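Colleague: So you can see what is in the structure, the chains are spelled out below.
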Amino acid sequence: MMSNIIRKAVLLVAGLLLAVSAGAQEGHPLKGSWIGEWKGNQASGDFLFLVLDWDGKKVSGTINPGTDDMVIKTATLNPADWTVHIEADGKAKDKPVSYTLDGKIVNLELPSRSIVGTWKSQNGSGALEVVRQ
Amino acid sequence: MQNPRLKSLLAAAITSAVLGWSSAPALAHHPVQAKFDKATEMSITGVVTNVDWKNPHVHVFLNVKTGTAVANWAVELESPLLLKGSGWSSTSVKPGDTLTVKGIRARDGSRQLWSESVSKGSTTLFALKDLHPAVPAKKEPAPRGADGKVMFGSAAGYWGFPSSYALVEDGVKVKMDKYGQLADLADAAKVAPLQPWALALYKKRQQRDLRDDPMFLHCKPPGGPREYQSDLGIKFVEDKVNQRVFILMGSGNHNYRIIYMDGREKVGSVTGDDDNPLYYGRAIGKWDGDALLVTTKGFNEDFWMSNGGLPHTSSLVLTERFARPDMNTLQYQVSIDDRGAYTRPWTASWTMQWVPDQEVPIHFCQDNRP
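Protein sequence lines, in the order shown, are assigned to chains P and Z.
Heads up, the final residue of the first sequence is numbered 427 in the numbering used here, and it's a clean run with no missing numbers.
Heads up, the final residue of the second sequence is numbered 763 in the numbering used here, and it's a clean run with no missing numbers.
There could be a bad hint or two in this list.
[Said to hold, decoys possible] Short derived list, chain Z residues pointing at chain P, Cβ under 7 Å:
#: 1; residue: Pro-589
#: 2; residue: Trp-590
#: 3; residue: Ala-593
#: 4; residue: Asp-602
#: 5; residue: Asp-605
#: 6; residue: Pro-607
#: 7; residue: Glu-694
#: 8; residue: Thr-706
#: 9; residue: Ser-708
#: 10; residue: Arg-732
#: 11; residue: Gly-733
Since the hints were made in silico from the structure, they are not lab data.
Here the structure is a predicted model, which is why all the values come from computation and not from measurement.
Each residue gets a CB set at the ideal place from its N, CA and C atoms; glycine is no exception.
Modelling step: build the complete structure from the supplied sequences, incorporating the hints.
Modeller: Have a look at this one:
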């Protein structure tokens, strides 16, 4: 019980410190690395790592770069309300999976801005939150 | 949790982290309108308790009596540089003096006032002056070096007081203050050919009264054209032996830019030079008659390239032309090509004025205090 509380407290403090230390990014708001969770994702795990880039015309990137990486096939930002839509195909536990992420940029003005929203796939759905690093 | 000591340690750690994070922006340097509301003009009279004569802003503390109650107010003034230029010094007022101060109040309702006018009785002790140097009636030719080239710098003097504080496309007329805040937000789309996301971000920065400006908030360098739109100016230092031109800045974090004149190939990738993108990019220059032509790329995205917060991306390429048609005038023209943030290349131009016989003023923001 106590170790669980301590773990959560340490994670909270670490998260706050990470938020403070995020590098400045005054260009396109989506560009950069984002770390967080897609909660309840049993197929790919809770941990979510997004790497996004902007070439002047479109947003590109990768979900969970590494052995389970999924190349993003569609990513859009609507500047009218700062909503984000991302689609990617990949594999989870050796089975094909298609993800759709929808969210909104929170604290746009901060280097440590977040995307908060939902994820869904053929395996389920849940809440999503990633913080720019 | 059973262990009260552990519990209190954890609480302290969390509280420290939260307070540290939340108080950081409040302590930082800022554009005036980010902290103070122009619509809240007021006047207070009180007795000086302390004078804090430091960059970037001087503070005078007053005890103000209302009925039987006494409250301490912080009066924020311009930088020591500008106050000195207006005839004030650190000893112009002393604890015990009774002052009347006109100003605008802090947006958060705290007892803080921004003031540009301080009186003692019926005598105005201080009011900000226009510090533009007088322009000689007769235009003198630009000085030339032994090689016959126009000199942009000399031992005594610097370039300051730009004709425009606003980075705006040539031919466009919009009103902005010296911090780059638009008088009318509806003019935002006229300023430059911004892509939709960049226009929305620019408007967001304007709506927040520029309080997120990293040059003020985090002492970031004013990269790109912004360094030529500061009152505190710049100084050219030409190193002919090493074939470099250094541009020293009086404001921001008192930094410098290097222009390589040695004919090297341009370095820095248009797509970002991810190994080491820079605040001032990588600049190479050459002479075109009496004008200095500079092209620069390899910028990072960690700064605002203009007063007022026009966005840019790492695709930014600047082509600049510096000319000195006479002793007192520096003509600056910049072509901005950033396919990441703008729909097409665009140009802007303005002039700077020669300030003779003075060193470029030094104004540090590193202390990161209000």
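Colleague: Tell me, which hint numbers fail for this structure?
Modeller: 4
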